[in-house]
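The task is simple: from the sequences and hints, build the whole structure.
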Amino acid sequence: MIDSLKGFLKLETASGVILFFMLCIALICANSPLQSYYQTIVELPVQIRVGLLDLDKPLILWVNEGLMAIFFMLLSLEIKREFLDGDLQGIKQLTLPVVAAVGGIVMPALVYFYFNMNIDENIWGWSIPTTTDIALALGLVSAMGRLVPINLKVFLTALSIVDDVLVIFIIAIFYSSDLSVVTLSMASMGIIGLVLCNRLGVVRLAPYVLLGLFLWICVLKSGVHGTIAGSLVGLAIPFSNKAGTVSPLKQLEKMLHPWVAFGVMPVFVFLNADINLLGITWSIFSNPLFLGIVAGLFVGKQLGVFLFSWVLVKCNLANLPKGVDWWQFYGICVVTGIGFTMSLFMSTLAFEGTEMNMVAHQAVLFGSLISALWAWVVLSRKRLFTWVKSRVNVL
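Each residue of the sequence shown is one higher than the one before, counting from 1314 in this note's numbering.
Incorrect hints may have been included.
[Said to hold, decoys possible] Below 16 angstroms or equal to it, Euclidean Cα-Cα: the simulated EDC-like pairs (lysine to aspartate or glutamate) are:
| hint | residue 1 | residue 2 |
| --- | --- | --- |
| 1 | K1534 | D1367 |
| 2 | K1534 | D1369 |
| 3 | K1370 | E1665 |
| 4 | K1567 | D1369 |
| 5 | K1563 | E1395 |
| 6 | K1370 | E1356 |
| 7 | K1393 | E1566 |
| 8 | K1563 | D1367 |
| 9 | K1627 | D1638 |
[Stated by the list, open to error] Cβ-Cβ distance ranges computed for the label pairs, FRET-style:
| hint | residue 1 | residue 2 | range |
| --- | --- | --- | --- |
| 10 | V1363 | K1627 | 54 to 64 angstroms |
| 11 | R1517 | M1430 | 50 to 60 angstroms |
| 12 | L1397 | N1629 | 36 to 46 angstroms |
| 13 | G1636 | L1523 | 46 to 56 angstroms |
| 14 | G1592 | T1353 | 17 to 27 angstroms |
| 15 | G1364 | L1620 | 52 to 62 angstroms |
| 16 | K1627 | I1683 | 25 to 35 angstroms |
| 17 | L1620 | F1598 | 49 to 59 angstroms |
| 18 | L1620 | N1464 | 17 to 27 angstroms |
| 19 | L1423 | D1367 | 34 to 44 angstroms |
| 20 | D1369 | I1486 | 23 to 33 angstroms |
| 21 | F1598 | T1408 | 51 to 61 angstroms |
| 22 | V1363 | V1626 | 51 to 61 angstroms |
| 23 | L1423 | V1626 | 49 to 59 angstroms |
If you are wondering where the hints come from, they were derived from the structure by calculation, not from laboratory data.
Glycine included, each C-beta is placed from N, C-alpha and C at the ideal position.
Structure (structure tokens):
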């Protein structure tokens, strides 16, 4: 299990570096004379038409509802594997990360509501500070090496997976609108087909891919966000852990992970990190939307994860990860405030096509950055203290 986790962390660390690199490129493009060319790429119209089926969307929506469906399918595969044969197998392993993840959803939402409760147009942004970017979060703790115990990295991975489960439910419940009964009925046929394939023991991936494509089109046309289709397909892929057989789930997960880490997510970041930094003025720090997201990520996330976990441990319902003290645990709670890619995604769902989306993007960048910096300070406190002491002695 530890060896597989190390491989996972190595991949996520590399992905985190690439995401940061793509973020820098996007910010340069969005805040330079290249901005007009950048917008042309983002809004590039892409159309697929077969008979009566007509899908005509700008490139950014193809990425957000198409490629991101593949990302959510991978999430579902990882979630299912962890529940059946991983760190989330059994009640004892589930308790702490599940409760911590719930706290990491509830508290940021409450903090956001505190700043925006009287502003109707801002209410739908409550979910933006509730998410954690698993690639950047794990990339940060992995880069810190031995300063972060392996058991704490296991906890962060499990918490992030539970967090992803909750995000899928949030998208399905709160960000689906103008539902079409006809296409939803057709989508249900696709779901039934996936369930039948699973129950009949079909292990070839082709039927799941074809049914998944049909389901995605129906879901997209029904008013439900396309990423939900990816989640459902991932859950339908059989685990099939029989002796001497190759697990279709593990096979697909292994195949998709590099493509998502080094393809889907970097493209998503590049097209969605259209953040105007040159237009930021001091007045933004009095904007309730900005304050709600920044405070939700930096204060709400760490407070929710830490407080819910502390109560659970003090009530003897769970234990801290082995070899971890409360300071180290607090540091990992701060890390969960790095919401970047998923927070940008939720911002697009809440405020797409409005000026509020830009403010939300600026807040996500700022909140994730200060969370990462403070987490590094907390987790490196002993090394920093030693360094400062040595400088003082020299002086």
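Going through the hints against the structure:
no.: 1; hint: K1534 / D1367; in the structure: 10 angstroms, holds
no.: 2; hint: K1534 / D1369; in the structure: 11 angstroms, holds
no.: 3; hint: K1370 / E1665; in the structure: 14 angstroms, holds
no.: 4; hint: K1567 / D1369; in the structure: 32 angstroms, violated
no.: 5; hint: K1563 / E1395; in the structure: 11 angstroms, holds
no.: 6; hint: K1370 / E1356; in the structure: 9 angstroms, holds
no.: 7; hint: K1393 / E1566; in the structure: 11 angstroms, holds
no.: 8; hint: K1563 / D1367; in the structure: 34 angstroms, violated
no.: 9; hint: K1627 / D1638; in the structure: 14 angstroms, holds
no.: 10; hint: V1363 / K1627: 54 to 64 angstroms; in the structure: 59 angstroms, holds
no.: 11; hint: R1517 / M1430: 50 to 60 angstroms; in the structure: 51 angstroms, holds
no.: 12; hint: L1397 / N1629: 36 to 46 angstroms; in the structure: 28 angstroms, violated
no.: 13; hint: G1636 / L1523: 46 to 56 angstroms; in the structure: 47 angstroms, holds
no.: 14; hint: G1592 / T1353: 17 to 27 angstroms; in the structure: 20 angstroms, holds
no.: 15; hint: G1364 / L1620: 52 to 62 angstroms; in the structure: 55 angstroms, holds
no.: 16; hint: K1627 / I1683: 25 to 35 angstroms; in the structure: 29 angstroms, holds
no.: 17; hint: L1620 / F1598: 49 to 59 angstroms; in the structure: 26 angstroms, violated
no.: 18; hint: L1620 / N1464: 17 to 27 angstroms; in the structure: 21 angstroms, holds
no.: 19; hint: L1423 / D1367: 34 to 44 angstroms; in the structure: 43 angstroms, holds
no.: 20; hint: D1369 / I1486: 23 to 33 angstroms; in the structure: 28 angstroms, holds
no.: 21; hint: F1598 / T1408: 51 to 61 angstroms; in the structure: 39 angstroms, violated
no.: 22; hint: V1363 / V1626: 51 to 61 angstroms; in the structure: 56 angstroms, holds
no.: 23; hint: L1423 / V1626: 49 to 59 angstroms; in the structure: 22 angstroms, violated
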